[in-house]
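Undergrad: Just need the whole structure built from these sequences, with the hints factored in.
There are 2 protein chains.
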Amino acid sequence: MFESAEIGHQIDKETYDAAVPALREALLEAQFELRQQARFPVIILLNGIEGAGKGETVKLLNEWMDPRLIQVETFDQQTDEELARPPFWRYWRRLPPKGRTGVFFGNWYSQMLQGRVHQRIDDAQLDQAIGTTVRFERMLCDEGALIFKFWLHLSKRQMKARLKTLQDDPLHSWRISPLDWQQSKTYDDFVRYGERVLRRTSRDYAPWYVVEGGDERYRCLTVGRILLEGLQAALRLEERPRRQPHAAPVAASIDNRGLVDSLDMTQTLDKDSYQQQLVAEQARLARLLRDKRMRRHALLAVFEGNDAAGKGGAIRRVTGALDPRQYHIVPVAAPTEEEQAQPYLWRFWRHIPARGRFTMFDRSWYGRVLVERVEGYCSQADWLRAYSEINDFEEQLTDAGVVLVKFWMAIDQQTQLERFQEREKTAFKRFKITEDDWRNRDKWTQYVDAVNDMVDRTSTEIAPWTLIEANDKRFARVKVLRTLNEALEAAFARK
Amino acid sequence: MFESAEIGHQIDKETYDAAVPALREALLEAQFELRQQARFPVIILLNGIEGAGKGETVKLLNEWMDPRLIQVETFDQQTDEELARPPFWRYWRRLPPKGRTGVFFGNWYSQMLQGRVHQRIDDAQLDQAIGTTVRFERMLCDEGALIFKFWLHLSKRQMKARLKTLQDDPLHSWRISPLDWQQSKTYDDFVRYGERVLRRTSRDYAPWYVVEGGDERYRCLTVGRILLEGLQAALRLEERPRRQPHAAPVAASIDNRGLVDSLDMTQTLDKDSYQQQLVAEQARLARLLRDKRMRRHALLAVFEGNDAAGKGGAIRRVTGALDPRQYHIVPVAAPTEEEQAQPYLWRFWRHIPARGRFTMFDRSWYGRVLVERVEGYCSQADWLRAYSEINDFEEQLTDAGVVLVKFWMAIDQQTQLERFQEREKTAFKRFKITEDDWRNRDKWTQYVDAVNDMVDRTSTEIAPWTLIEANDKRFARVKVLRTLNEALEAAFARK
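Going down the list, the protein sequences come from chains Z and C. Take the first sequence: its position 368, counting from 1, is numbered 368 in UniProt numbering, and each next residue is one higher. Take the second sequence: its position 68, counting from 1, is numbered 68 in UniProt numbering, and each next residue is one higher.
If you're looking for bench data, these hints aren't it; they were derived computationally from the structure. There may be inaccurate statements among the hints.
Said to hold, decoys possible - Some chain Z residues near chain C, calculated using beta-carbon distances under 10 Å: (1) A22; (2) L23; (3) W92; (4) P96; (5) R120; (6) D122; (7) A124; (8) Q128; (9) D142; (10) A341; (11) I352; (12) P353; (13) E389; (14) D472.
Just so you know, even glycine gets a beta-carbon here, dropped at the ideal spot from N, CA and C.
TA: Right under this line is the structure:
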């Protein structure tokens with residue numbers, strides 16, 4: 001969920017200086033229009049990693065917009081008055097009225113996350129808090145409110161560097177974090193529970209925007225753009241927004257760098273190392289699948305990737321040392337008539353492995369947010385809701401002990417071209433290349449966006465994506481096998 | 001939530017026999033149209049009290065409709081195959097395809113309720129199960145499914161009688177309930193957790209229908225009518241239903257008897273007993289409010305009722321023996337400009353009592369589902385969603401220790417007429433009667449429906465309604481005071 005906010009997004013000074021004046025003017029205009037219409041309030045929630053720039057973002061908003069129309073609310077210790085009433089009373093009374101903007105700092109999300117990280121509440125209670133929040137936000141949106149939820153993110157390394165800088169800076173050294181962020185464990189817990197919270201509370205009418213906080217210019221410009229687009233779209237609506245999907249529910253990165261572009265595609269493996277490692281990993285997998293502890297688990301691997309990225313080859317290497325009775329491969333084709341008469345996920349439900357079993361999906365339920373999205377086979381509403389449906393589905397799997405490993409096998413455009421041409425030249429490979437493949441290739445950038453969004457929204461603490469740099473087939477195959485083995489071992493190691 | 005399914009609804013044989021042929025024909029027609037269109041599946045969930053006729057209802061549906069297009073699914077013990085997969089797999093694989101109807105007996109609701117009643121799960125885990133279910137049903141409805149959820153109900157007395165009959169009947173004595181329903185505690189727990197589950201999972205696109213099960217004819221006709229109306233409405237839609245609100249989300253009773261009509265309005269109190277009891281209850285209230293245990297609670301009383309039912313008089317008697325600093329009265333009038341710029345509930349949030357305090361609302365947030373609904377001041381979507389928003393709000397109150405007592409003060413039409421006329425005759429009372437009052441009176445039956453729906457949907461295990469028979473003012477005032485005192489004492493008695 002946070003992967004693409006850890007790749008070091010940045011904006012250079014020139015680009016920034018060129019973009020800011022127009023953005024500020026447009027934001028101001030939208031803000032006045034908001035006051036003029038006075039049809040709905042705007043609520044901005046700021047959350048995320050310590051040091052990722054929450055405070056700076058508030059300052060910026062006050063600088064860029066008219067501060068008389070923005071109320072910044074911070075919620076630290078509860079006052080006596082607040083303690084004497086229901087927990088949400090503190091938020092109820094500080095909601096911005098129609099036409100105004102409220103920035104909520106240390107809001108209901110901070111409260112539940114801190115509670116969980118400090119073990120004042122358990123998982124079930126966290127889920128209860130999440131449920132209350134979802135109902136509260138739905139009500140606010142039904143009443144017309146426009147809610148923006150920002151998660152400002154830093155990788156652990158970035159955070160440590162940032163806290164160090166702040167500490168060394170006499171202007172900032174007074175800032176002592178409420179959570180002991182110096183500890184690795186605090187960061188890890190915060191991120192883990194943060195993923196759970198974001199996964200459960202992202203709604204098309206109130207989505208989370210994860211923004212990398214390391215580079216100030218990138219952070220400011222991104223937050224500003226998202227606010228502007230969302231605000232303008234809501235102002236254009238004839239009615240109050242009322243649970244309308246946000247204009248830009250999935251934000252393309254403004255520095256045009258996504259997770260997939262940031263992979264190191266030069267990684268290779270020479271033939272000898274390959275042979276050696278392949279055999280070792282294959283043997284390890286065969287052993288793990290026969291392990292007694294496998295009875296409590298199932299293994300489910302999803303293979304997605306660019307056309308010609310080598311999914312089939314990788315799957316054959318995975319099964320290389322396995323007894324055919326040990327595994328099951330599900331090639332996903334067009335739905336049958338029977339499948340079309342059922343909910344979208346039904347055709348995958350029916351192939352879920354029983355405990356003790358191993359199933360590989362050659363393409364999967366992610367088709368909805370990849371090919372169906374790009375080719376327009378389903379409506380925007382359909383693929384937008386698919387993210388949370390998929391997350392719910394995968395949670396059911398992992399709760400039941402399924403070890404879920406998801407691969408995106410990535411190749412670059414040049415490699416794909418070479419493989420396509422090679423396929424056309426080789427008689428026995430010609431069946432593998434069709435008109436569709438060439439057409440998909442023309443939509444390369446649309447697919448890149450779809451993949452980035454998919455990973456951002458469905459790489460969760462329970463079912464992360466593994467991106468496979470697949471320009472080199474040998475490197476890719478070994479990485480696939482090793483990832484499977486590590487996932488199984490990690491699952492076996494948990495009590 | 002179950003109050004109006006405990007008043008002894010019944011349909012006589014003649015009415016039944018006259019109604020059934022047309023209903024059956026229409027149901028069959030709708031069923032064939034459903035198959036013809038094959039655009040969406042219908043899922044019927046049957047839950048409720050043991051002995052309330054779940055099995056009989058299934059038989060009936062098979063009899064009335066074409067059984068080839070209905071699949072009845074029962075879920076008892078999980079099979080080995082099911083145990084090896086996620087808990088919902090058993091439901092996934094038995095969903096009816098588009099064009100068909102599935103009747104789910106012993107479904108996800110039975111599972112969570114039995115788990116909670118038998119203390120295999122706690123409250124937080126029950127809420128988790130509820131959350132999973134809400135997401136699952138939303139997904140099904142987004143995919144087009146039309147879901148009917150029936151809760152067949154019996155009062156405890158009715159249930160005991162029914163189980164006795166079954167036991168004595170050689171044809172039925174083999175039926176042994178999985179839960180030990182003979183025990184009062186089982187019934188009480190089942191109803192209590194049932195209320196919680198229904199409150200949390202009723203959605204306009206998948207509402208619960210609570211149907212009294214004691215009289216077979218009433219039960220059959222009600223279930224049949226609800227199915228027919230819902231099905232016909234969905235078939236008329238140009239698109240798949242997709243989370244459309246049900247046609248008849250709040251069902252008027254087919255025997256034209258609601259909760260309010262079933263009150264015994266002849267109850268009175270003579271002057272002497274009144275004086276004596278009034279003073280005693282007033283003193284008791286004053287004492288309870290000064291009790292040390294009051295520090296952990298607040299008392300909030302909501303007064304709603306027919307015009308001229310005596311709300312003001314009752315409130316004055318409540319405060320009769322109290323120090324004015326001890327209580328606060330909130331008369332609810334038209335919202336101010338500031339209040340109009342906020343969510344609907346905001347103007348009530350601001351008057352929530354702090355711990356230790358006592359606040360009375362003379363009219364309340366229920367205005368939305370009463371006057372606003374009847375007079376059309378808000379859209380149907382708005383008042384429909386208000387039920388769950390109100391339930392959420394009241395849950396926050398009671399969770400925070402607020403003792404919430406809600407009064408509906410009911411008088412009959414004749415009494416109201418006399419009081420209106422009396423007001424017009426008496427100079428100092430004339431200000432109390434306006435054109436509005438006479439106009440509201442013309443909408444008497446619409447208000448009766450609204451009140452019945454309100455009580456059905458917001459009388460919950462945490463915040464039940466108390467209906468006050470208020471034709472006799474003395475009787476009413478003492479009952480109000482006594483109810484407040486009993487609620488406080490019950491709260492103090494809980495650890």
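Undergrad: Return the numbers of the hints above that this structure violates; sort them in rising order.
TA: 1, 2, 5, 14
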